[in-house]
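Visitor: Just so we're aligned: 363 in this note's numbering is position 363 of the sequence shown, and the numbers increase by one with no gaps anywhere.
Just so you know, not all the hints are guaranteed correct.
[To be verified] Only pairs whose alpha carbons sit at most 30 Å apart, straight line, appear in this in silico DSS-like list of lysine-lysine: (1) K14 x K386; (2) K14 x K164; (3) K126 x K164.
Because the hints were derived from the structure by calculation, they are not lab data.
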Amino acid sequence: MLQRSAIATPTAPKLRTVMALLAMNAGSVVGTHQLVEELWGENPPPSSTTTLQTYIYQLRKTLGLGGSGTPAHLPGDPAAAGRDPVLHTMMNGYLLGLPEKSLDSQEFVARARRGRAEMAAGELEKAAVTFRSALALWSGAAMTGVTAGPILQAEEVRLEELRKTVLEQRIDIDLRLGRHREVIGELIAIVAQQPIHEGFHAKLMLALYQAGRRSEALLAYQGARTALARELGLEPSAELRRLQQKMIAGEPVIENPARASAFPASRTDPVTRLPPGLPRLVGREAELDQVGAAVADRLASAPAVLVLGPPGSGKSAFLTYTAHRLRSAYPDGDLYARLLGPDGTPVPPETVLNDFLGAIGVRPERIPATLEERARMFRSWADGRKVLIVLDDATDTAQLRPLLTAGPGSAVLVASRRRLVDPGLTATVELPPLSPDAARRMLADACGDHRLAADADATEGLLDLCARLPVALRVVADRGRLRPHWPMGRLLRSYRTVPDREAGPEGPALAELGLLGSVDLTRRLLGAEERRALHRLAAAADATVTPEDAAGILGVVPGDAESLLEHLVEHYLMHPDPDPVPGQPSGSGAGTDDRYRYRFSPAVRAALAVLADPAGHPGHGTGPSVPAPRNAARADAPVLVTR
Numbered sequence: 001m002l003q004r005s006a007i008a009t010p011t012a013p014k015l016r017t018v019m020a021l022l023a024m025n026a027g028s029v030v031g032t033h034q035l036v037e038e039l040w041g042e043n044p045p046p047s048s049t050t051t052l053q054t055y056i057y058q059l060r061k062t063l064g065l066g067g068s069g070t071p072a073h074l075p076g077d078p079a080a081a082g083r084d085p086v087l088h089t090m091m092n093g094y095l096l097g098l099p100e101k102s103l104d105s106q107e108f109v110a111r112a113r114r115g116r117a118e119m120a121a122g123e124l125e126k127a128a129v130t131f132r133s134a135l136a137l138w139s140g141a142a143m144t145g146v147t148a149g150p151i152l153q154a155e156e157v158r159l160e161e162l163r164k165t166v167l168e169q170r171i172d173i174d175l176r177l178g179r180h181r182e183v184i185g186e187l188i189a190i191v192a193q194q195p196i197h198e199g200f201h202a203k204l205m206l207a208l209y210q211a212g213r214r215s216e217a218l219l220a221y222q223g224a225r226t227a228l229a230r231e232l233g234l235e236p237s238a239e240l241r242r243l244q245q246k247m248i249a250g251e252p253v254i255e256n257p258a259r260a261s262a263f264p265a266s267r268t269d270p271v272t273r274l275p276p277g278l279p280r281l282v283g284r285e286a287e288l289d290q291v292g293a294a295v296a297d298r299l300a301s302a303p304a305v306l307v308l309g310p311p312g313s314g315k316s317a318f319l320t321y322t323a324h325r326l327r328s329a330y331p332d333g334d335l336y337a338r339l340l341g342p343d344g345t346p347v348p349p350e351t352v353l354n355d356f357l358g359a360i361g362v363r364p365e366r367i368p369a370t371l372e373e374r375a376r377m378f379r380s381w382a383d384g385r386k387v388l389i390v391l392d393d394a395t396d397t398a399q400l401r402p403l404l405t406a407g408p409g410s411a412v413l414v415a416s417r418r419r420l421v422d423p424g425l426t427a428t429v430e431l432p433p434l435s436p437d438a439a440r441r442m443l444a445d446a447c448g449d450h451r452l453a454a455d456a457d458a459t460e461g462l463l464d465l466c467a468r469l470p471v472a473l474r475v476v477a478d479r480g481r482l483r484p485h486w487p488m489g490r491l492l493r494s495y496r497t498v499p500d501r502e503a504g505p506e507g508p509a510l511a512e513l514g515l516l517g518s519v520d521l522t523r524r525l526l527g528a529e530e531r532r533a534l535h536r537l538a539a540a541a542d543a544t545v546t547p548e549d550a551a552g553i554l555g556v557v558p559g560d561a562e563s564l565l566e567h568l569v570e571h572y573l574m575h576p577d578p579d580p581v582p583g584q585p586s587g588s589g590a591g592t593d594d595r596y597r598y599r600f601s602p603a604v605r606a607a608l609a610v611l612a613d614p615a616g617h618p619g620h621g622t623g624p625s626v627p628a629p630r631n632a633a634r635a636d637a638p639v640l641v642t643r
């Protein structure tokens, strides 16, 4: 929802879709593959990338959106405030920069956040005014006039759910302030529009009863019962039935059911579900500061920080270490879930919410059956509390979005093996390989400075072997502790003595260094044909590969090859380098705006040589085709929530 002061609107449906997706993610990079998926779904045309570039050009021309290369100021930089809208071309997509308060949707979220804070502080009149001003920004559905694909549809649902929540909170305040008669007409209209929303039915019953209209309140209950039976085949909830019984009994004052707790009143101890963390984390001081700054940002109702990095970068260890450092700021407890099973199967969000609700004390028979109801119940519990939620190994936004339900004062930490873009994610922290000094420090802590200094060449060999990745370095450090009499050269040779026909001397080392399993879990997030193509590229490609090179290896058109390469970059299985401009000297850093060469890290290439391909054969695969990138969470995944 761009604010209505905008002076131009794209007329072509697909242009409006592109503009809507860029606007809803203003200040963040929207991946090319996400735009393609939003526009064409699962079967984009071969020319989709070229057509998208045309749409971007038309938007810049029609709306006067300047800019092409990397922005001079990062998103969120105060120096960017007040500037004109600008559309940047980034490495893997596009970034729309907008001045503050350019989006109705952002202003609505900000006012909703302010209203909740006022309500929590007991300033009910002020909160009611703020909530009314937030709701006044709505003039229809969030995506009116836009042909929404899967991402925009999810955003539309999110905004609509937030609108309902704000509306419920505003009516709650009116009921608490005794304005029962004033809200009856409004509630009758709302119930007519949303006949299976039991919360609004309860509010209507309460407003009628407290206004002295008991018979109409009981008729409202019958209307709710009829609607639920007709639409869902269900009886009213226990709360609605209890409200009816109190009215039949003629109780003089009835508590608003929206204020009644569904959770055990006797539980006062904080919930604690974090797994053990590392006693010390080496070389991540800058990243820890980034997380600290992000969760301290009180402009976000519930800061949600995404931690990313290549296989072996130590995302899980960083996540739990950071959570243990922050947990004292969240006195109501911490909740933890790992969202990916050991076999690479995603855990459904309804399973995670079931575990969370059980952890906070909800009896099994009172846990709702549907994902939406579980998310609503958990959000109701979290509202007004300070809780730290830790979600490791998130696989995609569809799995993650229902879990980003914490209220003001709480925070969410998320780790993922792939890049994710969602409005609920407020900050991203990337974990690169450690600096050479930090990597040496990890080895020195375990082996001693004297051992490293005695054989500097072997030490450098170990750092190269581990690619300065914390997971591998920790394995080497542990062996160094177990073999204090070994010099560094002996330690290095212990990882290079077993020959390997497929992978060469580094293959067995990867299996021992803990990288093989990490690469395997990451590649399992791809579709079967994508994994097959990944193995073929790893076996046949040179040090770097262009989309044209990949197209020749895979037997597809360059556009499809480029889509696959970008999808592999998204999963940290390949890395992009600017494609040098012809005539420029190699290593000059000069490159085109939108052409890249792609490369495997040695660790990933060696791991793929050892791992079986999708057909079950060892080594590199030989599959013939490359589909459009896809990664849908499976609904039949087993439960895996770490205690």
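Visitor: Each hint should be assessed against the structure and marked as holding or not.
Guide: Checked hints:
1. K14 x K386: violated (42 Å)
2. K14 x K164: Roughly 29 Å between the alpha carbons, so the hint for K14 and K164 holds.
3. K126 x K164: holds (19 Å)
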